[in-house]
Structure formats: C-alpha cells, structure tokens
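If you want the building blocks of each chain, they are given just below.
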Amino acid sequence: MWTADSILETFVFPFAISLATLSVFMTALIPVLWIERKLAARLQGRVGPYEVGSPHGYLQPIADVLKLLSKADMIPTQADRLLFLFAPIWTGTCALWGVALIPFAPGLAAFRSDISLVLLLAVASLPGLGQMAAGWASANKYALVSALRVVGQVAAFEIPLIAGAITPAIVYGSLDLNTLTEAQPAVGFLFGHPLGIPSFLLFLVGMLAEGNRTPFDIAEAESELIAGVTIEYSGMRFALFYIGEYGSLFLFGLLACVLWFGGFRGPFVPGPHWLLLKGFAFFCFVTILRWSFIRLRIDQFLKISWSGFVPASFLLVLLAVWWVG
Amino acid sequence: MSAADASATAPGALPTVEVAPGDLLALAQRYLSEGFRWYICTTGIESAEGLEVQHFLRNPESGGEIVLRVKLDALAPKLPSLYPVFPGADWSEREAWEMLGIEFEGHPGLRRLLLPAQWDGFPLRKSYPIATPCLPYRPAAEKPAAAVVPAPSPIPAGEAT
Amino acid sequence: MIAASQIEPVRPSPLDSRTGERREMTLHMGPQHPSMHGVLHLVVGLDGETVKWVDPDIGFLHRGVEKLCETLPWDAIAPVLERNDYLAPSTNSHAFCLAVEGLGGVDVPRRAQWLRCLADELSRISSHLVAWGTMGVDLGGAFGGGTSVFLYCLRERERILDIMQEWTGTRFHPNLSQIGGARYDVPAGFDRLLDTKLAEIDAKLDEMISMMEESPIFQARTRGIGVLSPELALGLGACGPVARASGLALDLRKTRPYEAYKEIDVPIVVRTEGDAYARYRVRIDEARVSIRLSRQILAGLPDGPIHGRPPVRSSKHKAPAGTSYAAVEGARGELGVWIRSDKEMSPTRVRLRSPSFANLSAIVYILPGHLIADVVAVLGSLDPVFGDVDR
Numbered sequence: 001m002w003t004a005d006s007i008l009e010t011f012v013f014p015f016a017i018s019l020a021t022l023s024v025f026m027t028a029l030i031p032v033l034w035i036e037r038k039l040a041a042r043l044q045g046r047v048g049p050y051e052v053g054s055p056h057g058y059l060q061p062i063a064d065v066l067k068l069l070s071k072a073d074m075i076p077t078q079a080d081r082l083l084f085l086f087a088p089i090w091t092g093t094c095a096l097w098g099v100a101l102i103p104f105a106p107g108l109a110a111f112r113s114d115i116s117l118v119l120l121l122a123v124a125s126l127p128g129l130g131q132m133a134a135g136w137a138s139a140n141k142y143a144l145v146s147a148l149r150v151v152g153q154v155a156a157f158e159i160p161l162i163a164g165a166i167t168p169a170i171v172y173g174s175l176d177l178n179t180l181t182e183a184q185p186a187v188g189f190l191f192g193h194p195l196g197i198p199s200f201l202l203f204l205v206g207m208l209a210e211g212n213r214t215p216f217d218i219a220e221a222e223s224e225l226i227a228g229v230t231i232e233y234s235g236m237r238f239a240l241f242y243i244g245e246y247g248s249l250f251l252f253g254l255l256a257c258v259l260w261f262g263g264f265r266g267p268f269v270p271g272p273h274w275l276l277l278k279g280f281a282f283f284c285f286v287t288i289l290r291w292s293f294i295r296l297r298i299d300q301f302l303k304i305s306w307s308g309f310v311p312a313s314f315l316l317v318l319l320a321v322w323w324v325g
Numbered sequence: 001m002s003a004a005d006a007s008a009t010a011p012g013a014l015p016t017v018e019v020a021p022g023d024l025l026a027l028a029q030r031y032l033s034e035g036f037r038w039y040i041c042t043t044g045i046e047s048a049e050g051l052e053v054q055h056f057l058r059n060p061e062s063g064g065e066i067v068l069r070v071k072l073d074a075l076a077p078k079l080p081s082l083y084p085v086f087p088g089a090d091w092s093e094r095e096a097w098e099m100l101g102i103e104f105e106g107h108p109g110l111r112r113l114l115l116p117a118q119w120d121g122f123p124l125r126k127s128y129p130i131a132t133p134c135l136p137y138r139p140a141a142e143k144p145a146a147a148v149v150p151a152p153s154p155i156p157a158g159e160a161t
Numbered sequence: 001m002i003a004a005s006q007i008e009p010v011r012p013s014p015l016d017s018r019t020g021e022r023r024e025m026t027l028h029m030g031p032q033h034p035s036m037h038g039v040l041h042l043v044v045g046l047d048g049e050t051v052k053w054v055d056p057d058i059g060f061l062h063r064g065v066e067k068l069c070e071t072l073p074w075d076a077i078a079p080v081l082e083r084n085d086y087l088a089p090s091t092n093s094h095a096f097c098l099a100v101e102g103l104g105g106v107d108v109p110r111r112a113q114w115l116r117c118l119a120d121e122l123s124r125i126s127s128h129l130v131a132w133g134t135m136g137v138d139l140g141g142a143f144g145g146g147t148s149v150f151l152y153c154l155r156e157r158e159r160i161l162d163i164m165q166e167w168t169g170t171r172f173h174p175n176l177s178q179i180g181g182a183r184y185d186v187p188a189g190f191d192r193l194l195d196t197k198l199a200e201i202d203a204k205l206d207e208m209i210s211m212m213e214e215s216p217i218f219q220a221r222t223r224g225i226g227v228l229s230p231e232l233a234l235g236l237g238a239c240g241p242v243a244r245a246s247g248l249a250l251d252l253r254k255t256r257p258y259e260a261y262k263e264i265d266v267p268i269v270v271r272t273e274g275d276a277y278a279r280y281r282v283r284i285d286e287a288r289v290s291i292r293l294s295r296q297i298l299a300g301l302p303d304g305p306i307h308g309r310p311p312v313r314s315s316k317h318k319a320p321a322g323t324s325y326a327a328v329e330g331a332r333g334e335l336g337v338w339i340r341s342d343k344e345m346s347p348t349r350v351r352l353r354s355p356s357f358a359n360l361s362a363i364v365y366i367l368p369g370h371l372i373a374d375v376v377a378v379l380g381s382l383d384p385v386f387g388d389v390d391r
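Chains as they are written, first to last, in this note's numbering: chain A, 1 to 325; chain B, 1 to 161; chain C, 1 to 391.
Just so you know, the hints here were simulated from the structure itself, not pulled from any lab data.
Glycine included, each C-beta is placed from N, C-alpha and C at the ideal position.
Restricting the straight-line Cα-Cα distance to at most 30 Å, the calculated cross-link-like pairs of lysine-lysine (DSSO-like) are: (1) C:Lys67 <-> B:Lys71; (2) C:Lys316 <-> B:Lys126; (3) B:Lys126 <-> B:Lys78; (4) B:Lys126 <-> B:Lys71; (5) B:Lys71 <-> C:Lys318; (6) B:Lys71 <-> C:Lys343; (7) C:Lys52 <-> A:Lys303.
Calculated Cβ distances over 10 Å to all of chain C for the following chain A residues: (8) Asp5; (9) Leu68; (10) Phe191.
Chain A on its own, in the form it takes in the complex (with noise of 0.2 Å):
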C-alpha cells in the first residue's frame, strides 16, 4: 500500500535530495572553473578574468559556456555519427553520477550504499569511455593517436587510483563512505594514520592521469596533438567535454577529502560547507599541480606506471592488510 510517508520517503526524499545534490555539484562547479582561470594567471604573473563580473571575473566561467552554446555545430562528414553524438554525451554525465554516492553530511548521501566506495570507484573511470568513443568516432589523426593514448594511460592508472583508494576502506573495514568519514581520527586519515600519505599520494597520482591533467595530460597534449579526443567537438558537445573533466576532477577531489580529510567534518557544525570548502582547496593544490609541471611521454609515463606505481599498489594493498591483521 502506497502511504503518504512510503511515497515521501521512496520518491519524494530520494529526488529532492537528489535535485539538492546535483545543484550544489553543478554550482560549485562555477567557482572551480574560476579558481583554475585565476590560480593559473595568478601562477604566471598574470591578472587573469577580469571583466566579466565585476571585479574579478566572477562570470567567466559562465560565459565561457554561454560561448561554447553560441557556436556552430560541426560533425565531420566521415565521423561515425552515434558515437560521435554518445561521446560527450556519456563523458559529461557520467562525472554526475557519483556525486550521488559522496556524503555531504552525516548520514545524509543522494544514494545511500553499503558499497558506495566500490561504486564509485567504478563509475569515476567511466568517462575514459567516452573519451576513447570520441577519438575513434572523429575519424581525425590526432583524435586516434589520443584515443590510444588515453586507453593506456587509464588502463595503467587504473591500479594505482583503487589501491589508494580502498587503503583507507581496508583500514577501517568498510566500503560505505560514510562510515569512513566518521571512522577517521580527527585529523584525517591522511596524518592520523602511516598509511595515510602513501595511499593519498598513490590516489593523487591515479587521479591526475584518470582526469588528464599535467604531468600526466599525454592523452590530451595540446603541443602535439592540438585537443586530443575533442578535437572534431564545437560548442555544446565539446561543453559537455569541458564540463565532464571539471567535474570528474571535482568528484575526485570530493573523494579525496571524504576519505583522507575528513569529509563533511570539520569544528562547529559537521556539513555540506566542510566538504565542499575541502574539495575548493584541493582543487586549488591540483591546480598548482597543473601549472608548474610539464609532461611526461607516453612510454616513459606507462614505464613509471607499470614498474613504478603498479608494484607500490600492491605493496600498499598489502601492508594495509597486514596492518589490521
């Protein structure tokens, strides 16, 4: 039977929460694309985005994408048109989906899972599809070598990622993120654990490369192979692109701080505020990060991986095991 409480509570809650998740996560998404404008012009001497909001630029980033709807849209005539179209379509919105796993405050999660961390661990390399769909869909060159580039570079930074990732749920013994967050000492796992930095560190190297983001943005490498993947894509579609890194990346940096910085914790009051103040600063860390490294080549990027990451993934694994045993 179908109750005023059973409707609010299956239909009602869930989508309101839902709605209420996706807004924040789509308008923080704002602020973080002014911050990479900004921190980068900042890094390079420059003023960056000045105009457009008074004073500082405040609106770039919605202009940016008020551009990109404005321009002709172009599909190549030999282009293999469904997954030309798929492409930016699934890479856009698969960095939304796992914002419905990430807690913005106890207990209170647009989807509330026992697993949540394997889930979504899974639908964060996702978007990589999408990517590989739109170099081969492109029929161009430099979209195929990218494609390429981009199936090994996630293949290797696959393990490094999850191995980062689940020592902290290894630790604690459960996969849910909420329990990890509370799980954590008060000054996160990070420095409250000796696990801490090697698992961030091996999550910040599999992060930058899943998200393509210099030292590791080979795939992308607008020096050699101009846009990489997007390089057939104009207006909407290659908004979709821009939208999907930011946010992947922005999912990853709210991973991140759930699971070695505390989450929505913090003194006073526990809540969405924490986190998402935790996600800004360490986009702007990532940020830096972009701008001060060049890139590596692919071979000497997959060598590291392979004979360098891979092997620590393990040894990491298995320290944590050892370590609750």
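Mind docking chains B and C on chain A? Use the hints.
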C-alpha cells in the same frame, strides 16, 4: 668594369674558383678532403652574364673559405648536384631550381620547396615580373595521387612496389 | 669524416601499388599548430607512436624577399630584411649593411660598429628567451606548466624590449643599422638602464635554469633526444647553438670576427652531447654570455659620430659594382647576406643565407626513431624561425 673583375677588389668578396660543371663533384670532393667540410650555402644567380651557381664552403678548423662558381648555359642550365658530397645541398639546390630553373643532376628529388607544388615559372629570373598575381587554384592541374600523397618519393613512380 | 652518401635520411616509403597507400600513417602536423614555432607543415610517417620518416613542407611564410630586394633602393632594403629572423631583428639588417659596406666605398665609424653589435647582443638575449619559453610550451602544453615558463620568459624579454624602446623608440624592429652607420645613438643614462634591466634578467635566468634542470621530467624529455652528430651538422651547414651543442666550437664572433668583436674576446659555449638538452642549455648559457658582452660593449663604446654617410633622407645611394658576403652570428647561427651589385639603384642579387634553413634541414635526419612527443621537443630545440627559413 664588370662585376667579376670588381669582385677581386671588394673587401667583402670571397675567394672564388671557376669550375666547369663536369669537374664540380671532383673538386668538391677534393676540397672536402682538404678540410672544407662546412657547407654554407648554394646561390643561384641570374645576371647580365647569364646563369651561374655558387657553392660556398668553409673549413671549420682553419676558417678558410672557398666559393665554387659554375657558369651555366643560359638555355639548358644543368650541373651535377652537390648532394653526394654535402647533404645540405639538398634543400639549397631545390630552392635554386624552383627560383631559377637550374637543373641539378643526381639530386634525390627536385621539387618545389618554398612555393606550392603547382607553381608555374621561376620567380627569381629577371623575366619573371614581380607583380605576378597570386597563384590561382587550378584543380585540373592537380593529379588525384598528389592530393593524397604529400610529396613524391625519390623512387620513380614506375618502380613503386 | 663521413661522406654524405653514408648519411641518408629516411625517405617516405613507396606507395602500395594496390591500395595507393603507404604502410605508415601520415600525420600532417601544421602549418597551424600550437607548437610548430611558426608555419611548418610537417608530414610525419607514423608506425603507432614511432616516427618513421618526416617530410617538412616549408614556404608558408615565403614573401619573396630576395626578389623584392632586387627592386628596392639600397637604403630601403635593411628594414625589409629585419623581418627575416624576426625574433632577433637587429642581426638581419646588420648583416646586410656589412655586406653592402663590404663592396667598398663606405666608411663606418667605430661607434656605429659597436652600437650595432650591442643591438645584436640584446637581440640574441631576447631570442633565446623566446626559444626557452616556447620550449616550455612544447614540452608542457598550452595548458600546463610549460605556459608558466613561457610567460616568465616573455616577462623577462619585456625588459630587453624596454631597453630597445629607450634607445630607438621601437620595441622590436628598430631598423638600427643603415648603410654606413647606425641610425640611433644611445641616450643619456643608458648604461644605468642597461645595467638594471640586464641584472634583473640575469637573476631570473638562474631561476629558470633551476626550474628546468631540477625537473626530472625535463631531463627525461630532452636528454638523448634528437642527437645531431658533428659530421652531419657540418655537412648540412648547421650553425649557431645547434652546431655548438654538437661539439663544434664555431662562432662567427670568434672565427670570423667583425666590428666590435675584433676587439672583444667572446667565450664560445660548447657542449658535446648534441641532443635537445644540449641545444637548450647552450642557448641559456649564451644568453648569460650575451648579458656580459652587452655590458662590455657599452662600457667600451668609442666616441664619435654614428653615421659614415649623410643621414638618409632619400635613397640615392649606389653601391659600387662587385660581389660581397658578410655574415653575423645571429641568435640561430650564421646569418649571411651575399650581394651582387652592378652599380644600379638596386642590387642585382641578394642571397640570404639563413641559419634556420640549414638547422631545420637536420630534422629529416634526426627525428626518425623518436616518438610523436619528441617531434615538438626536437623542433623546439632546433629553434627555427620561419621568417628566416622561408624568407
């Protein structure tokens, strides 16, 4: 006083040796073995006296310089290519050919270097007016193979395997 | 001594007679590309990520300068030639003026000679800063740490442009050299200005060197990449930092000195590895040397007039008949001008011996076997300027 006589007295003039086309390679080899290993440039000139080519070589150790000057027949300007001796002659000779129409025998592939592949005429010739308008696109002149392949390989088309 | 016949470039493979295709995938890099240092259409034959052969297609910036010079009056040519190697502009007009003066009949006052050499050195520093910055963009991407390096280098280059502006009124193409002298004299207080600005650049050079030296990524990307052997370098006519990085101690300021360099000792920066790292390192060390030389030249600037002829108002100069060659050590190597004059209002032939032309031709030999990512690294290390390559 012609330029050739005056060149001996100008302070900036280079020591020049007149070479017949047939003797060019042997002389170049000789200079190479004497230490003139540094290939500087190849100049094609059309002057009132006709077409000529000047190869400029330098000795990196002693700093000595020599110019091998080859005077060419105005109607059929041909001389052996210096490429077998100096690989740098490749591009310089391609440029001399495309600008002045001088043929270099034994060159691995004389094709346009600075100008588009379909260009007509030899721009640096005195008879080529500087006000020649930009090359119009002539699709009929373009072979389909040329559109796919960026440049012909040195192996002649008939021997493609 | 290796005969040229033993050094063969890898040519494009033949077409398959049945399909009309080549075995390798041909990737057309450029002419519009974030990293082609200008307009170069590089056809790259790829087997996976490995480069099998390259076929450079140049000429996108060809402006027919040599033909144009045959129609211009003598005095009007130097400013046109400044647009050749447009990153070190003063060196071009300097070479041309030396060549015309080499035909005889013109006395150049010593002060003018030294001023021209000073402009050369400043151009050299400016050009090497751009080379270093664009290397950052090549290796690190238009969105990445490379751009940070690029912007830092350009910020330092602004100081050189400030110096040129104080001196000549224009930042970039000052048209300083004219036949028989220099066009602008240094203003009062110039030595203080030069000192301050160059000291700032010197300090930043340290920072930039350490930024790249201490980066293991930079070392991994440039060590052992694009090795150019000295024999091949000589056979191709490679010059400048490219040749000096391959172990050849060839610098025109020392081996064929002209003007101020006859009295100043120029230390030659040489490395033996011949790879991309050596080429970049030679440039940065040369910028250091140039800073010192600029101070030296300014300190030793002789007194006197700066024009050997009445100042140019209308170009009625007719150079004596003859041929003449003059070369300066530009930022990229031997920038030579060969002139043939028949005592007309315009030269009969002006041949520009361009250093980037010779350096760039090495790419056919040194790239095969590397990966795509090395293409931009090697091209950047050769530092071609397409105004010079194409003229």
